[in-house]
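Q: Listed below, chain by chain, are the residues.
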Amino acid sequence: DSGVTQTPKHLITATGQRVTLRCSPRSGDLSVYWYQQSLDQGLQFLIHYYNGEERAKGNILERFSAQQFPDLHSELNLSSLELGDSALYFCASSPSPGQGYYGYTFGSGTRLTVV
Amino acid sequence: AQRVTQPEKLLSVFKGAPVELKCNYSYSGSPELFWYVQYSRQRLQLLLRHISRESIKGFTADLNKGETSFHLKKPFAQEEDSAMYYCALDQGAQKLVFGQGTRLTINP
Chain A
1 DSGVTQTPKH LITATGQRVT LRCSPRSGDL SVYWYQQSLD QGLQFLIHYY
51 NGEERAKGNI LERFSAQQFP DLHSELNLSS LELGDSALYF CASSPSPGQG
101 YYGYTFGSGT RLTVV
Chain B
116 AQRVTQPEKL LSVFKGAPVE LKCNYSYSGS PELFWYVQYS RQRLQLLLRH
166 ISRESIKGFT ADLNKGETSF HLKKPFAQEE DSAMYYCALD QGAQKLVFGQ
216 GTRLTINP
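Chains A and B are the protein sequences, given in the same order. Numbering follows the working numbering, with no gaps: position 62 of the first sequence is 62. With the second sequence counted from 1, adding 115 to any position gets you the working numbering.
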């Protein structure tokens, strides 16, 4: 599968804990974007990395951090988890900053449930 | 602040009827607008973009700068059009801002 891969698909954890979500972009894509989708907030942009460098930040909490590694995969770290962090976290990729002709390629998401 | 608004969370129409999903935006620059679609149990994917002025699966969207709108239209709805639709604004290639989404249901 040469698309965007996100692991794990589901994650259940307790409040106060820390988790790491992983994203492997589509082959050849240098940009990775993270989004949070919750019922009341819709799709919220969190952060964008291009070729290992942070390019843009959105509504990302200080408890959250991300990085992109030399092999271009990205990890989103969520710490001191609260019930309100329960959401679907999407990763998307594109060849360069921006959408290009075909738009972003989205992963299937990681569903995080904080109990 | 840049914002994308989709006023309808839910929209239900009958098969064969016209469909219009509303999208309004606020942006100080020259906007690049898109429609993304998410079919049941599938990934979010690009449906169309305003600069290409294309028709995809019978859908079209016209950018109206005067009304700051980018409504998605289809003259005759089909059952397979049932999905979640998101309007999105590209803010200078660094991030894509999405609206809240509209769930479209086509009734037989």
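These aren't lab readings, by the way, just hints derived from the structure by calculation. Please note that a few of the clues may not be correct.
With the C-beta cut set under 10 Å, the calculated list includes, among others, these residues of chain B facing chain A [unchecked claim]:
(1) GLN153
(2) SER155
(3) GLN157
(4) THR183
(5) PHE213
Okay, the calculated beta carbon distance ranges per label pair [stated by the list, open to error]:
(6) ALA132/B to GLU62/A: 44 to 54 Å
(7) TYR154/B to ALA14/A: 31 to 41 Å
(8) THR120/B to GLU62/A: 38 to 48 Å
(9) GLU62/A to ASN222/B: 37 to 47 Å
(10) SER127/B to GLY52/A: 16 to 26 Å
(11) THR13/A to ASN179/B: 25 to 35 Å
(12) THR13/A to PRO133/B: 39 to 49 Å
(13) LYS130/B to GLY16/A: 42 to 52 Å
(14) THR15/A to ARG218/B: 35 to 45 Å
Partial list, computed: chain B residues near chain A (C-beta under 8 Å) [claimed, not checked]:
(15) LEU159
(16) LEU161
(17) LEU211
Backbone N, C-alpha and C fix where the C-beta goes; we use that ideal spot for every residue, glycine too.
Q: Hint by hint, say whether it matches the structure.
A: Going through the hints against the structure:
no.: 1; hint: GLN153; result: holds (8 Å)
no.: 2; hint: SER155; result: violated (13 Å)
no.: 3; hint: GLN157; result: holds (9 Å)
no.: 4; hint: THR183; result: violated (19 Å)
no.: 5; hint: PHE213; result: holds (4 Å)
no.: 6; hint: ALA132/B to GLU62/A: 44 to 54 Å; result: holds (48 Å)
no.: 7; hint: TYR154/B to ALA14/A: 31 to 41 Å; result: holds (34 Å)
no.: 8; hint: THR120/B to GLU62/A: 38 to 48 Å; result: violated (28 Å)
no.: 9; hint: GLU62/A to ASN222/B: 37 to 47 Å; result: holds (46 Å)
no.: 10; hint: SER127/B to GLY52/A: 16 to 26 Å; result: violated (45 Å)
no.: 11; hint: THR13/A to ASN179/B: 25 to 35 Å; result: violated (45 Å)
no.: 12; hint: THR13/A to PRO133/B: 39 to 49 Å; result: holds (46 Å)
no.: 13; hint: LYS130/B to GLY16/A: 42 to 52 Å; result: holds (50 Å)
no.: 14; hint: THR15/A to ARG218/B: 35 to 45 Å; result: violated (30 Å)
no.: 15; hint: LEU159; result: holds (4 Å)
no.: 16; hint: LEU161; result: holds (3 Å)
no.: 17; hint: LEU211; result: holds (7 Å)
Figure legend: structure checked against the earlier numbered hints; hints not met, in rising order: 2, 4, 8, 10, 11, 14.
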